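Engineer: Quick note: to get my numbering, add 11 to the position in the sequence shown (first position is 1).
Please keep in mind that the hints were generated in silico from the structure rather than gathered at the bench.
All of these numbers come straight from a predicted model, not from anything done at the bench.
Glycine included, each C-beta is placed from N, C-alpha and C at the ideal position.
There could be a bad hint or two in this list.
What the hints assert, rightly or not - Derived DEER-like restraints, expressed as beta-carbon distance ranges:
hint, residue 1, residue 2, range
1, 124, 87, 43 to 49 Å
2, 122, 150, 36 to 42 Å
3, 184, 85, 47 to 53 Å
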Amino acid sequence: MEGTPSALLANWSNFYVAIGSSAAALTGLMFVVITLVNRTEQSQRSSDGIATFSTPTVLHFCAALFFSAVLNAPWHLLLDPALIIGLTALYGVIYVLGVMRRTKRLTAYTPDTEDWIWYTVVPLVAYSIILAGAVVLPIAPVRALFVLAGGVVLLIFLGIRNSWDVVTFIATGGPDASQPKE
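Using the sequences and the accompanying hints, generate a full structural model.
Structural biologist: As structure tokens, then:
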């Protein structure tokens, strides 16, 4: 065996503390953005947009924080965190499929290819990577920990990218910016 579960996970402690702290801070910033959006726009469009674009971004940050917390715990068996991470990643996959369905039903905004990639495809890939890492964790822990780290970092980076996209969309007035206000 390559070491006890606690020793293997301890090697990743600094990584997950940094990732978890980043995810928590970025989640807080998304709350600020949503507050600003609600002050400036109270329409159905903002509600649909928040449910389709902002809420999933917050969920991805929270998932990264959750995965970091799970992998920082002093586990005695790797099967336990593997089950927790695997079930959470499976939920992430199902959630992203729901976001895809919601995105198809948008009426106030037509998502472009870039929106589809960053708000549905990349999160689906990230959660699938994490799910695969969770499945392999009890069997090949050293490799699985790198796979899990890759998936969690992907969630953080896509969250940063999507947060920026939401903020710039709001700041520029969205697709209706060229339309005169009534």
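Engineer: Please go over all the hints and tell whether each is borne out by the structure.
Structural biologist: Right, here's what the structure says about each hint:
Between residue 124 and residue 87 the CB atoms are about 47 Å apart, so this pair conforms to the stated range of 43 to 49 Å. Remark: the range hint 36 to 42 Å for residue 122 to residue 150 is upheld by a beta-carbon distance near 39 Å. Checked against the given bound of 47 to 53 Å, the beta carbons of residue 184 and residue 85, roughly 50 Å apart, stay inside it.
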